[in-house]
Structures are given as C-alpha cells and as structure tokens.
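Line by line, the protein sequences are chains E and Z. First residue of the first sequence: 0, per numbering that gives the first Met the number 0; consecutive thereafter. First residue of the second sequence: 0, per numbering that gives the first Met the number 0; consecutive thereafter.
None of these hints come from the bench; they were simulated from the model. Beta carbons are placed, not taken as given, at the ideal position from N, Cα and C, and that holds for glycine. Accuracy of the hints is not assured; some may be wrong.
Unchecked claim - Away from chain Z, derived, C-beta distances all over 10 Å, residues of chain E: (1) P89; (2) R117; (3) V311.
To be verified - Derived list of chain Z stretches under chain E, where covered just means 3 residues or more per stretch with a C-beta under 8 Å from a C-beta of chain E: (4) 142-154; (5) 157-166; (6) 239-249.
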Amino acid sequence: MTTAIALSAKPRNLSGPVGVAVLLATAFGLVPLVGSDYLFEAILTPFLALALAGLGLNLLTGYAGLLSLGSAAFMAVGAYAAFNLSLRVPGLPLPVSILGAGLVAAAAGLVAGLPALRLRGFYLAVSTLAAQFFVAWALNRIGWLSNDSPSGVINAPRLVVAGLSFEDARGRYLFSLTVVALLTVAAWRLVRSPTGRNLVAIRDQEIAARIVGVKVARTKLLAFALSSFVVGIAGVLWAFAYLRTVEPAGFNLDRSFQILFIVIIGGLGTLRGAFLGAGFIVVLPLALSRLGAVLPGDGFDSGTLEMVQRIVLGALIVAVLIREPAGLAALLDRAGRRLRLPA
Amino acid sequence: MRQIFAADESLSWVRADFEAMASSASLLIFRVQSLLGQVVPLRHRSVVRRPSSAASGVLACGVEAAEATALAVEGLTLAFGGAVAFEAIDLTVQAGEIHAVIGPNGAGKSSLINAISGLYAPQSGSVRIGAARFSRVPAHRLAALGVARTFQNLALFKGLSVFENVLSGLAGAQRAGLAAQMLGLPQARREARAQRERAADVIARLDLAGVADRPVGTLPFGVQKRVELARALVARPRLLLLDEPMAGMTATEKAEMSRFIREARESLGSAIVLIEHDIGVVMRLSDRVTVLDHGRRIAHGTPAQVQANPAVIAAYLGLADEPEAEAA
Ligand SMILES: Nc1ncnc2c1ncn2[C@@H]1O[C@H](COP(=O)(O)OP(=O)(O)O)[C@@H](O)[C@H]1O
Ligand SMILES: [Mg+2]
Numbered sequence: 000m001t002t003a004i005a006l007s008a009k010p011r012n013l014s015g016p017v018g019v020a021v022l023l024a025t026a027f028g029l030v031p032l033v034g035s036d037y038l039f040e041a042i043l044t045p046f047l048a049l050a051l052a053g054l055g056l057n058l059l060t061g062y063a064g065l066l067s068l069g070s071a072a073f074m075a076v077g078a079y080a081a082f083n084l085s086l087r088v089p090g091l092p093l094p095v096s097i098l099g100a101g102l103v104a105a106a107a108g109l110v111a112g113l114p115a116l117r118l119r120g121f122y123l124a125v126s127t128l129a130a131q132f133f134v135a136w137a138l139n140r141i142g143w144l145s146n147d148s149p150s151g152v153i154n155a156p157r158l159v160v161a162g163l164s165f166e167d168a169r170g171r172y173l174f175s176l177t178v179v180a181l182l183t184v185a186a187w188r189l190v191r192s193p194t195g196r197n198l199v200a201i202r203d204q205e206i207a208a209r210i211v212g213v214k215v216a217r218t219k220l221l222a223f224a225l226s227s228f229v230v231g232i233a234g235v236l237w238a239f240a241y242l243r244t245v246e247p248a249g250f251n252l253d254r255s256f257q258i259l260f261i262v263i264i265g266g267l268g269t270l271r272g273a274f275l276g277a278g279f280i281v282v283l284p285l286a287l288s289r290l291g292a293v294l295p296g297d298g299f300d301s302g303t304l305e306m307v308q309r310i311v312l313g314a315l316i317v318a319v320l321i322r323e324p325a326g327l328a329a330l331l332d333r334a335g336r337r338l339r340l341p342a
Numbered sequence: 000m001r002q003i004f005a006a007d008e009s010l011s012w013v014r015a016d017f018e019a020m021a022s023s024a025s026l027l028i029f030r031v032q033s034l035l036g037q038v039v040p041l042r043h044r045s046v047v048r049r050p051s052s053a054a055s056g057v058l059a060c061g062v063e064a065a066e067a068t069a070l071a072v073e074g075l076t077l078a079f080g081g082a083v084a085f086e087a088i089d090l091t092v093q094a095g096e097i098h099a100v101i102g103p104n105g106a107g108k109s110s111l112i113n114a115i116s117g118l119y120a121p122q123s124g125s126v127r128i129g130a131a132r133f134s135r136v137p138a139h140r141l142a143a144l145g146v147a148r149t150f151q152n153l154a155l156f157k158g159l160s161v162f163e164n165v166l167s168g169l170a171g172a173q174r175a176g177l178a179a180q181m182l183g184l185p186q187a188r189r190e191a192r193a194q195r196e197r198a199a200d201v202i203a204r205l206d207l208a209g210v211a212d213r214p215v216g217t218l219p220f221g222v223q224k225r226v227e228l229a230r231a232l233v234a235r236p237r238l239l240l241l242d243e244p245m246a247g248m249t250a251t252e253k254a255e256m257s258r259f260i261r262e263a264r265e266s267l268g269s270a271i272v273l274i275e276h277d278i279g280v281v282m283r284l285s286d287r288v289t290v291l292d293h294g295r296r297i298a299h300g301t302p303a304q305v306q307a308n309p310a311v312i313a314a315y316l317g318l319a320d321e322p323e324a325e326a327a
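Working from the sequences, and respecting the hints, build out all of it.
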C-alpha cells in the first residue's frame, strides 16, 4: 500500500534521479563484480556501443525528424579517425583521440547533412546513402586510412587511460560504460536545452519553427553534426572495445539499418529508446538460439537462426510502426502506469 | 493561486504601461523634431524605435509614418499559377490598432497573412513592417522584425508540452549559444530563467496554467488555439497576425479569446491583424475592418462604416445563398 503511494508520487521513477542513480550504481558497481567475461564481451559491450549509436541517430531522426541511412558511415569515420589519431600522433591520450574522432565524424556529418537544407524524408534518406557508399569506397581505396593494411583491416590500439589498462573484458565494458554514461548525460542536457526544443520544433512544424525565429538551416546542420559526433564515438567503441579488429565491411548498410531499427523499436525521440532498442537487438539472437535449443529437433543451425532473426525483426518493426509508433519506451511507460494505477 | 498571479501581474502591467508611456514620450519628441523639419539621423532613429528593423537590403521610407504604422501593405498581388488569390490589396495598420480582415471563404484572407509573413511570394506590391519595406518578406527574419502569428489550422509543436510550446515562441530572442546552454554558464541560466518567467506569465494570463505540462496534442482544439496565441504573445510582438483564432469556438470561448486579444493590445501596444468570421466579434473587437471578396478589397473603414456598406451587404447576402461557403 505504502509502496503504491510512493510509486505513484513519482510517476516516471525509472527516468527520475533515483532510478538513474540505481541504474548507474548497478552498472558500475554490481555488474563488474558478478558478471562473466561472456556477459561483458558478447552482450554488454556491443549493447553499449549500439545503444550509443542509437542515441546519436535518435538526436537526428527522433528529435530533429531527419532520416539518415548513413549511421554506419559515421561509425566508420569515428573508428578510423581514432585509429589514425592514435597511430600518427604518438603519446596522444586516448580520451583526446576519441574526442578528435568524434569531431571528425561531426565534420563528416555536417557535409552529409547539407542535402537536408533542400531535401526531406525519403529523399533525404536516399541522399545520406551517398555518405554510406563514399565512406566505404574511401576506406577501401585509400590505403593510408588503414595504414596500408590489406583490405582496410585495422587493429585497436591499447585501451589505456592515465596508466590504467582497460584491456580485459571487464575493463572494456567499464570503458564503454563510462563513455556512454558521459555522452548520455550530454545528450540529456542537449534535448532539454533551447536547442533541443528547436530540434523538435523543426521536426513537428518546420514553417512555424522558422516563423518563431528558429534558425532552421543552421539547426539542421547542427543536428547532423551532433548526431554524427555521438555515432562516431559509438564507432570507436564498436571497433576498439568490442571487436578489436575491424574492416570497412563491418560498417556497411546493414549496420546503418540495424541502428535505425534500434531507434524505431526503442522509441523515436526518447533517450531511453536507444537503450531499449539496442538491448532488444543484442538479446534477440541469443534468445532465439536458446529457443532453438529447447525446441524438439536438433536446434537452429546458424543459417536458420539468421533467417528467423530477420523475420522476427521485420515483423516486429512492422508491428511497432503500426501499433506503437513511439516504440518500446512508450510501451514500457504504459505498462508502468498500469502497474501503478490498479486499486 | 490566482491571487498570487494577480499581484504579480499588476506589477508587469505597470511595467508595460511605463514602457508604453516612455515610447509615446519619445514619439512626441520625435514628432516635434520632424515638425521642426529636422532630419533625424538613422542612429537616433534606432534609439526611438525598438531594435533591429533597419538592415541592409531594405528600402528606407517615410520616417514619420514608420513610427506609428506597424504594417503597410501596398498594391499587393498574389497568384498561384493562373489563379489570383488576391489583387492590389492596400492595408495599413497602426500600432495599437486591431484591424479585422473579413470576407467569405476563399476570399484570400489567409493568403494575405501568409504573404505578409513571407510564406508566399507576391507577384507585385510591397509589405512594410515597421520601417522595413519588402517585395518579399523574409520569413526567417519575421521574429527579429517583431512579428508573430498564429495559423488557421494550428501549427503547434506536437511533441512539446504547452509550456515548451510557449517557450519556443522566444526562439528568435535566444542569445546564449549551444555551448553555454550545455555547460550551464551563468548567461545561459539567466536567460533560461527569464524565458521561463515570461512564458509562465503569458500562460497564467491566458488561463493555461492548469495544462502547462500537458503534451499540446492532447488538448481540445480551442485550448490549442489559445496555446498558439500564447506562443505568439510571449515574444511581445509589435505586429501580431491572427488567422481565425476563434474558429470552432463556443460563444463563451470566443468572448474569452476576445478578452485575451484586447488585453494583449493594451499591454503590448501591438498592431493586430485579425481574420475572423463572426461579425459580432469583429464589430466589438476591431478598430478598423477590411473586407475582401474574391481577392479584392471591397470595403474598408470602421466597423460601423463597413457594416453599412452596400457592397459588403451584397457580398454577405451572396454568401448566404451559397451554403457551402459557410463551411470551414
Ligand atoms: N498554397 C496554395 N496553392 C494554391 N492555391 C491556394 C493556396 N493557398 C490558397 N490558395 C487559393 O487562394 C484562394 C484564397 O484562399 P485563402 O487565402 O485560403 O482564402 P480565405 O483564407 O479567405 O478563406 C483560394 O482560391 C485558394 O484555393
Ligand atoms: Mg483562411
């Protein structure tokens, strides 16, 4: 009874300060103590990298309403920029090279965003494909970018910050978690700032936004730059903390769609959405393969698994778009409200 | 609750009155100067005027007229392809005047407001806003020119709350940059606080305090109309363009809305262009009326003059014969 009252007093307790504190304490304190290497390497680290990419894309697509299919390209730009910065500037601290990578990705995003001043919706999405294909082409053709390694494969530099090594599975998880936490706070401040309001204004009513004095062109380019900054750093985490060895093909159009699906399933225009969507995308194949194992017969082979996964994902996206365009975040909100309300 | 707001409010009314007095005092000095035949240099003019309307690419014009005239539309013509929306329209609105634009559906009223706010590009004629004359008004400079507007078919930001929608009306006045906002620098914090206070003030005046945190899309149409008015008023515009702000409202709501519009005129001294179908409201609320029919101005004058005008009576009798013209 008292709990019910306490809960209803704070309607959105998971997004409230207490909820966030509990989440952070769990992620930083509890999980590193009890988690296994498998959990860190196969689930949590890719989850964090994808969630960050989703967060970045959500700033652009969810908040500013600008559709992009170039997320993987900006991840690649971030990863290869960080690789080159670490390689070519000896002694550059890792945080600085990551920040630099974010800035390079932001610049790439700015250029890729120029068509947004003329195009919107579907046409804009198609134009961002140009970024996708150009980056893939450049990484394959310009050997310098991958230090002339065959087929553009790069290896992650050592993850050491101020003498502290983050090389093992737990370290790479904690490293990713720190980066993601910092950028999530930044994104949270952004979306609540006047600039964040302008992003939504442009998305909802571009003409009215212009009339009330929002600098529409500048704000759109800003959205591309900020989004690409975050997505670029997600690319660094994907390459350095998760995979450790990447090739340009790892950042293909499939990856772009994956990030877009994360945002759609999780919930456009919410910060939580990126995490929910990424969690879903990472856990789905694992859950399906477990399911395959308990089903009669000899389980799913990898081809079947891949196919089932795609079908489930596709069906789910259609279902989300039709039934709950605001994604898992809205679903969760509603479930939460229903849990608190009864009697 | 209301009591607190009332106390607060009376202070800001006083402030507004003082501002109005100060500006009419400077206006008086200015008039005297022009009577004496002095040429007032641009630099001084900008002291008299409120900021930012003299800019490059703008034709200078009659200095004296610029003081009192908030809007002067001259010979404005707009056509879509071959279809003429309106033709050779003249319309002058003084500061502090409520100027109604009436006429049957399709007369060209909304198109006129859209042309004045730079959304449509007229074929000929000019629009003077304050001291700046344009053949095509730059929509992105509208806020800086001191113009705010509402839309016939609501153009609110659906993803934002009522409070945020009203705050967004101050986007044009935003000074602190992104870095200052993100880092929470004192300048940005001060500005944000001032903006919140201004928004809260307008929200209270328009009786929206009870729904301030609601997503704007969840509110009834009439309330959304009021939110749109609040978004326009928060910028304290010198010229306010209202496209059917009372469409679809009950008589009570209309009376309320009329009161808000009148109060805005009193407190801000804005010039107001008001498109409205309800002749009763128009007669009570407006100082002058312009009547459009088939894109032409068929009458203009005081409400009484217009009401007695045979051409207007004919147009409205014609309207009565066409039932479909009554539909929104
Ligand atoms: N964007 C547009 N494109 C083409 N024709 C338009 C457009 N806007 C308005 N019109 C036409 O201009 C005329 C005047 O319309 P409008 O200004 O909306 O009238 P009112 O607001 O007086 O009802 C109508 O014939 C209408 O069809
Ligand atoms: Mg109209």
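Report task. Please flag the earlier hints that this structure goes against, numbers listed from lowest up. Result -> Structure breaks hint 6 only.
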